[in-house]
Amino acid sequence: RKEVEQDPGPFNVPEGATVAFNCTYSNSASQSFFWYRQDCRKEPKLLMSVYSSGNEDGRFTAQLNRASQYISLLIRDSKLSDSATYLCVVGGATNKLIFGTGTLLAVQP
Amino acid sequence: EPEVTQTPSHQVTQMGQEVILRCVPISNHLYFYWYRQILGQKVEFLVSFYNNEISEKSEIFDDQFSVERPDGSNFTLKIRSTKLEDSAMYFCASSEFVLAGGDRGATDTQYFGPGTRLTVL
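In the order they appear, the protein sequences are chains A and B.
Using my numbering, you'd call the opening residue of the first sequence number 1 and step up by one each time.
Using my numbering, you'd call the opening residue of the second sequence number 1001 and step up by one each time.
Calculated directly from the structure, the hints in this document are not laboratory data.
A short list of chain B residues far from chain A (calculated; beta carbon distances all over 12 Å):
1) 1012
2) 1019
3) 1062
4) 1068
5) 1069
6) 1079
In silico DSS-like cross-links for lysine-lysine, where the CA-CA straight-line distance does not exceed 27 Å:
7) B:1042 / A:42
8) A:45 / B:1078
9) B:1078 / B:1057
10) A:45 / B:1042
11) A:79 / A:45
12) A:42 / B:1083
13) B:1042 / B:1078
14) B:1083 / B:1057
15) A:42 / A:79
16) A:79 / B:1042
17) B:1057 / A:42
18) A:42 / B:1078
19) A:42 / A:2
20) B:1057 / A:45
21) B:1042 / A:2
22) B:1057 / A:2
23) A:45 / A:2
24) B:1042 / B:1057
25) B:1042 / B:1083
Glycine is no exception: its CB is placed at the ideal position from the N, C-alpha and C atoms.
Starting from the given sequences, assemble the full structure and let the hints guide the process.
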């Protein structure tokens, strides 16, 4: 089983749509959880940290289910500028981050 | 806004040559990292560095790799004898600290530099 698993997509959605990404992780000892965004051939950029209580930042909502080892990201009212690869990232007891392969989102006009 | 910087943006080298990739982490950060991403693949952890020593390294980080903080601002990754399979994007990252316990977990936010694209011919 992969350490962090994501559906690679692509997700092709029209502007204004709501889209959800899911991610599972294998190590139950994982302690920190993030969604990063990566544009083509650029560095990963932090989108949001994910907490057990769930958190929201504007159009973005992230949820964590520790019992199921499952992380989600919801994007409402998609914009063309949201087109990117969304990386599910998990941190353990050490500083190391473990990345998923990413989910490609293409928002169509 | 403070950011991590990396030089060069693109490095082309011959197989067997040594390369040094340079990074300037965010100034008040204490933890430094190198990751790499082979084209079309996921980002992979190479090494973490704190208090002038390696904290953790991955299986990829073999004897051909080394890291150094030669002064108060730079953090370097050296590959002694490059192989074709070392061709990748190398990202430097830094974090202010590592939180211990609590809902926020053990890893503080890591900020990534723009990367150095290494091409080994």
